[in-house]
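Every letter in the sequence shown is one number past the one before it in my numbering, and letter 303, counting from 1, is 303.
Bear in mind the hints are in silico, worked out from the structure with no lab data behind them.
Using N, Cα and C, we set each Cβ at its ideal position, and we do this for glycine too.
Incorrect hints may appear among the rest.
Stated by the list, open to error - Cβ-Cβ distance ranges computed for the label pairs, FRET-style:
id	residue 1	residue 2	range
1	I357	T256	29 to 37 Å
2	I359	M308	36 to 44 Å
3	G190	C360	25 to 33 Å
Unchecked claim - Straight-line alpha carbon distances no greater than 30 Å define the calculated DSSO-like cross-link-like pairs of lysine-lysine that follow:
id	residue 1	residue 2
4	K260	K362
5	K169	K203
6	K169	K376
7	K376	K362
8	K362	K203
9	K369	K169
10	K203	K376
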Amino acid sequence: MRALRTALPRAKEPCMSPSPEGTGDSALSVVILAGGVGTRLWPRSRRNCPKQLLDLVDARTMLQNTVDRVLPMVDAEHIYIVTGAEYAAQVCEQLPQVPAENIIVEPSGRGTAPCIGLAAVALSQRWPGSIMISLHADHVIGDAGRFRELLRVAAAAAGRGHLVTLGIKPTYAETGYGYIERGRLVHRLGGVPVYRVARFVEKPPAEQAAAFVRDRHHYWNSGLFIWRLDAIWAAFRRWLPELYAQLMEISAAWGTPEQKSVLEETWGRVRPVSIDVGVMERAEDVVVVPADMGWSDVGSWASLADIMAANEAGNVVLGGSEHLALDTRNSLIYAPGRTVATIGVADLIVVDAGDVILICPKDRAQDVKLMVEEIKRTGRTDLL
């Protein structure tokens, strides 16, 4: 197994001057956020092996698929992974093509804003004029070619100084996602419209979500962002000045013998905040690129069932499971190497993780997170 390096080339101040508007792929760098546990996919997603490191969808892990999707547009040396110390070795092993020094270890989870800021520190040392594409390791994209086309459009918009997000065209009234309301048209790039963001809406009730789908002016918030490094640094400096100052401390030590100690000491003072709340919901120059690319964040067993091929009864059987079914419809069975028999049930989730079995209705799939909280309360850490 490759050793993880703890230092990059000698530190320099982050680039604060504008990058050129060119959108060539050589100007792009990809940051993949690969922390978190994915508690709604418990009991398969666990602390020692979270969902982004699992092969839930096909023979490749979700992280590997994420890297595979962007390799046609960026070299591996332009791909950075941000993850926790407990997952760094697995990430390194799964991604032999990504340089070990591009695997950035955050001392602890502090939300997406500090995570993205730490990645910006690393990029500013190596690729100071680049456009950053921030992705999540646990998303599924059905049309990878279209995804790359839209990223290039977003990069063109980012080259003009905007903070850019991809907004997913909603196909149903999902209450588990945030929404983006579009404003006026500001560009049409490569035939794709780019709109000013009017506002971000937190997870809405069912009636409001249905209205958003009907009006066609709202998109699901994908959490996928594209911006020039100088633009995101300016946003941090204005909207999150305390975090910005802390990131400057880390940047000053990056690539020196003091990098590890300064990072750990400074990180202990960092306040948790998401990039959405800390920056995107407050900044003025935010635009959205409507995206139709078969996106899913695979946020629950029910959402996984939605994107997988079902048999004639609507049942999805995963992981090499054997399913013996009588009068069973629209259910998900995940029991690797096991046989599951069901009679007279519908819309059910059955997951066998070896040491624990989960059974719940599909419409309670989001409540799996509550079960994880209950397990924590009872002290059954062996099940986490």
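Taking the hints in turn, this is what the structure says about them:
1. The hint said 29 to 37 Å for the Cβ distance between I357 and T256, and at roughly 50 Å that hint is violated.
2. Under the hint 36 to 44 Å, the C-beta atoms of I359 and M308, about 19 Å apart, miss the expected range.
3. Here the CB-CB span from G190 to C360 is close to 44 Å, at odds with the stated 25 to 33 Å.
4. Pair hint K260 plus K362 does not hold up; C-alpha atoms about 44 Å apart against a cutoff of 30 Å.
5. Of the pairs offered as hints, the one joining K169 and K203 holds, with about 16 Å between alpha carbons and a cut-off of 30 Å not exceeded.
6. With a CA separation close to 37 Å, the supplied pair K169 and K376 exceeds the 30 Å bound.
7. Between K376 and K362, the direct Cα distance comes to roughly 23 Å. Compliance with the 30 Å bound is thereby established for this hinted pair.
8. For the given pair, K362 sits about 19 Å from K203 by alpha-carbon distance, which is consistent with the 30 Å threshold.
9. Taking the CA atoms of K369 and K169, the gap is near 26 Å; set against the 30 Å cutoff, the hint holds.
10. Between K203 and K376 the CA atoms are separated by roughly 26 Å; this keeps the pair inside 30 Å, and the hint holds.
Of the numbered hints stated above, those contradicted by the structure are hints 1, 2, 3, 4 and 6, listed in ascending order.
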